[in-house]
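Chemist: Chain residues, written in single-letter form:
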Amino acid sequence: MTNDQIKHAVLQIIAVIAPDEDLSHVKSDVALRDQLELDSMDFLDIVMELRKRYGVEVPEGDYGQLASLDSCVIYLAPKLKDK
Amino acid sequence: MMDKHRRIVITGIGLTAPNGNTLDAFRASLLKGVSGVVPFETRYMGKVLAGVCTYDPLKYQMKKEVRRGTRAGSIAIYCSREAMADSKLDFVSFDKSRVGVYLGITEHGNVETENEIYNISQFNYDTKFWSHHHNPRTVANSSAGEVTLNMGITGPHYTIGAACAAGNAGVIQGAQMLLLGEVDIALAGGVSESIHTFGIFASFASQGALASHPDPAKASRPFDRDRNGIVCSEGGCVYVLERLDHAEARGAQIYGEIIGYHINSDATDFVLPNAERHIECMRTALKKAGLGPQDIDVVSTHATATPLGDIQECIALRTVFADCLNTHFNNTKSFIGHAMGAAGALELAGNLPSFDDGLIHHTINVDHLDPDCALDNLVLHEPRRVRHVTYVLNNSSGMLGINSVVVVKRV
Numbered sequence: 000m001t002n003d004q005i006k007h008a009v010l011q012i013i014a015v016i017a018p019d020e021d022l023s024h025v026k027s028d029v030a031l032r033d034q035l036e037l038d039s040m041d042f043l044d045i046v047m048e049l050r051k052r053y054g055v056e057v058p059e060g061d062y063g064q065l066a067s068l069d070s071c072v073i074y075l076a077p078k079l080k081d082k
Numbered sequence: 000m001m002d003k004h005r006r007i008v009i010t011g012i013g014l015t016a017p018n019g020n021t022l023d024a025f026r027a028s029l030l031k032g033v034s035g036v037v038p039f040e041t042r043y044m045g046k047v048l049a050g051v052c053t054y055d056p057l058k059y060q061m062k063k064e065v066r067r068g069t070r071a072g073s074i075a076i077y078c079s080r081e082a083m084a085d086s087k088l089d090f091v092s093f094d095k096s097r098v099g100v101y102l103g104i105t106e107h108g109n110v111e112t113e114n115e116i117y118n119i120s121q122f123n124y125d126t127k128f129w130s131h132h133h134n135p136r137t138v139a140n141s142s143a144g145e146v147t148l149n150m151g152i153t154g155p156h157y158t159i160g161a162a163c164a165a166g167n168a169g170v171i172q173g174a175q176m177l178l179l180g181e182v183d184i185a186l187a188g189g190v191s192e193s194i195h196t197f198g199i200f201a202s203f204a205s206q207g208a209l210a211s212h213p214d215p216a217k218a219s220r221p222f223d224r225d226r227n228g229i230v231c232s233e234g235g236c237v238y239v240l241e242r243l244d245h246a247e248a249r250g251a252q253i254y255g256e257i258i259g260y261h262i263n264s265d266a267t268d269f270v271l272p273n274a275e276r277h278i279e280c281m282r283t284a285l286k287k288a289g290l291g292p293q294d295i296d297v298v299s300t301h302a303t304a305t306p307l308g309d310i311q312e313c314i315a316l317r318t319v320f321a322d323c324l325n326t327h328f329n330n331t332k333s334f335i336g337h338a339m340g341a342a343g344a345l346e347l348a349g350n351l352p353s354f355d356d357g358l359i360h361h362t363i364n365v366d367h368l369d370p371d372c373a374l375d376n377l378v379l380h381e382p383r384r385v386r387h388v389t390y391v392l393n394n395s396s397g398m399l400g401i402n403s404v405v406v407v408k409r410v
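Protein chains in written order, with numbering that gives the first Met the number 0: chain V, 0 to 82; chain H, 0 to 410.
Just so you know, these hints were derived from the structure itself, not from any lab. Warning: the hint list may mix true and false statements.
Think about it this way: if two alpha-carbon atoms lie no more than 30 Å apart in a straight line, the pair counts; the simulated DSS-like pairs of lysine-lysine are [what the hints assert, rightly or not]: (1) V/51 - H/63; (2) V/26 - V/51; (3) H/127 - V/80; (4) H/46 - V/82; (5) H/286 - H/408; (6) H/62 - H/87; (7) H/63 - V/78; (8) H/287 - H/408; (9) H/408 - H/95; (10) H/62 - V/51; (11) V/78 - H/95; (12) H/217 - H/3; (13) H/408 - V/26; (14) V/26 - H/63; (15) V/6 - V/78; (16) H/46 - H/217; (17) H/127 - V/51; (18) V/82 - V/6; (19) H/46 - H/31; (20) V/51 - V/80; (21) H/63 - V/6; (22) H/127 - V/82; (23) H/63 - H/87; (24) H/58 - H/87; (25) H/286 - H/31; (26) H/46 - H/62; (27) V/6 - H/127; (28) H/3 - H/95; (29) V/6 - H/62.
All of these numbers come straight from a predicted model, not from anything done at the bench.
Take these sequences, add in the hints, and give me the full structure.
Modeler: Here you go:
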């Protein structure tokens, strides 16, 4: 997956988890929780959806790597390079 | 006259039934003979017959709240919000720590557990795909807790597991907590999401107690000779209850006063009802109300259209109400099926407008009355107008042998 595809994949997951949110103006370099109503249960949902959709495992110690779209790309790119 | 601080009244009603999402719509459907039973797709079994509600969850919930919570919670929120609005209580400025939520449920967790098992079946039963939402969705206080989260209520909340006697049990619990002074407002009633698990249908089918009929609207037929079982339904009904002095002080509308109630146990069988204990339950509720059976104008029966269950209830009714010339009987499940944890609360609500309009809604689908279910003044085929309705007795019972009765008086 390209970086843009990864961002799109994460946003698609968030669209399901946070269906009331307008995702059209999400900034890549700003923490998702600073822009959207997301709590710890939502982040667990993101981790679960990455596991279900792409077979990607995110250990608990790495949850912080999913803070923003940019950090998601940096963290997920190696894991999704063949997807 | 009893102290007004010791009298409990109904000042708001919120409901969703398969044939109406407000009391007015529900009552109109009952008077017009409108059923809410439709074909319903269920996992593994294909089409079954069920009573399905059409309320708008997004009227009071965000999409995320609906996704994270349960159907029972969503129904409970809708009904509680509707009831609170109907009561015209100034809820915004009301002390939320003095509000309690008491909801009867037949069961909870089957829907959510079945969904998760199906979910992990798509991943070779690897439990790492089991949702972290499972526990908060399946704790037994779930539906009542969702109401407190949605409405910002900080008083007590819990559900009352009482099989199909649960709707009445929720109302009774609310009344008792008001009498104890634990709360000033009780949101009390019952909810059911049971149609969203195949298990409830499959279990009734295995028991030989699941209704079938070519015409869904005719499938639920209590007291009919050809009845062949239960139509499962979802639904909810929540009452705003408060003490009479509290209600009068704020000029609240009053639907009726809860003047008697009782819950007892058969202690005889897991499934089959026991007429003797049912008789005791009704008589004790009447005694608590200070009434004789001849005072009751309307008995809202529990009958679910099982061959044996209907007969047992009718034996009990004929015994308690022998020679009561002005007591009428009807059945709401003939319209909407069996709304499980919501049934008792919904069935009571559908009869309360009789206090004002003098009409007793009828029982549909009795084409050939079973002689063993014959009752004097069983209202069939069309509503019956009477001179006045002052007392309604609401009957419910459930598996493991639990009976619940609520008596409501016109105020």
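Chemist: So, for every hint listed, does it hold in this structure?
Modeler: Structure-based check of all given hints:
1. As the CA atoms of residue 51 of chain V and residue 63 of chain H are separated by approximately 20 Å, the hinted pair is consistent with the 30 Å bound.
2. Restraint check for residue 26 of chain V and residue 51 of chain V: satisfied, since their Cα atoms lie roughly 25 Å apart, inside the 30 Å limit.
3. Of the pairs offered as hints, the one joining residue 127 of chain H and residue 80 of chain V holds, with about 23 Å between alpha carbons and a cut-off of 30 Å not exceeded.
4. Among the hinted pairs, residue 46 of chain H with residue 82 of chain V is inconsistent with the structure: their alpha-carbon atoms are about 39 Å apart, more than 30 Å.
5. Between the alpha carbons of residue 286 of chain H and residue 408 of chain H the distance comes to roughly 14 Å, so the proposed pair stays at or under 30 Å and holds.
6. For the proposed pair residue 62 of chain H and residue 87 of chain H, the alpha carbon gap of about 26 Å is at most 30 Å, so the pair holds.
7. Distance hint between residue 63 of chain H and residue 78 of chain V is fulfilled; the C-alpha atoms sit about 29 Å from each other, no more than 30 Å.
8. Proximity of residue 287 of chain H to residue 408 of chain H is assessed by CA-CA distance (about 13 Å); at most 30 Å being required, the pair is judged to hold.
9. Between the alpha carbons of residue 408 of chain H and residue 95 of chain H the distance comes to roughly 28 Å, so the proposed pair stays at or under 30 Å and holds.
10. The suggested pairing of residue 62 of chain H with residue 51 of chain V holds, with an alpha-carbon distance near 22 Å, which does not exceed 30 Å.
11. Between the alpha carbons of residue 78 of chain V and residue 95 of chain H the distance comes to roughly 49 Å, so the proposed pair goes past 30 Å and is violated.
12. As the CA atoms of residue 217 of chain H and residue 3 of chain H are separated by approximately 45 Å, the hinted pair breaks the 30 Å bound.
13. For the hint linking residue 408 of chain H to residue 26 of chain V, the alpha-carbon distance of about 61 Å lies beyond 30 Å, and the restraint is violated.
14. Between residue 26 of chain V and residue 63 of chain H, the direct Cα distance comes to roughly 21 Å. Compliance with the 30 Å bound is thereby established for this hinted pair.
15. About 14 Å separates the Cα atoms of residue 6 of chain V and residue 78 of chain V, which keeps this hinted pair within 30 Å; it holds.
16. For a cut-off of 30 Å, the pair hint linking residue 46 of chain H to residue 217 of chain H stands: about 16 Å separates their Cα positions.
17. At most 30 Å may separate the alpha-carbon atoms for a hinted pair to count; residue 127 of chain H and residue 51 of chain V meet this at roughly 10 Å.
18. Between residue 82 of chain V and residue 6 of chain V the alpha-carbon distance is near 14 Å, which keeps this suggested pair within the 30 Å criterion.
19. Restraint check: the Cα-Cα separation between residue 46 of chain H and residue 31 of chain H comes to about 27 Å, which is no more than 30 Å; the hinted pair holds.
20. A distance of roughly 17 Å separates the Cα atoms of residue 51 of chain V and residue 80 of chain V; the hinted pair therefore holds under the 30 Å criterion.
21. Our distance criterion of 30 Å between C-alpha atoms is met by residue 63 of chain H and residue 6 of chain V, whose separation comes to about 21 Å.
22. Taking the CA atoms of residue 127 of chain H and residue 82 of chain V, the gap is near 21 Å; set against the 30 Å cutoff, the hint holds.
23. For the proposed pair residue 63 of chain H and residue 87 of chain H, the alpha carbon gap of about 28 Å is at most 30 Å, so the pair holds.
24. Simply put, residue 58 of chain H and residue 87 of chain H have alpha-carbon atoms about 18 Å apart, close enough for the 30 Å limit, and the pair holds.
25. Proximity of residue 286 of chain H to residue 31 of chain H is assessed by CA-CA distance (about 35 Å); at most 30 Å being required, the pair is judged violated.
26. Note on residue 46 of chain H and residue 62 of chain H: the hinted pairing holds, with a Cα-Cα distance of about 27 Å set against a maximum of 30 Å.
27. For the given pair, residue 6 of chain V sits about 25 Å from residue 127 of chain H by alpha-carbon distance, which is consistent with the 30 Å threshold.
28. At most 30 Å may separate the alpha-carbon atoms for a hinted pair to count; residue 3 of chain H and residue 95 of chain H meet this at roughly 23 Å.
29. With a CA separation close to 23 Å, the supplied pair residue 6 of chain V and residue 62 of chain H stays within the 30 Å bound.
Comparing the model with each numbered hint stated earlier shows that hints 4, 11, 12, 13, 25 do not hold.
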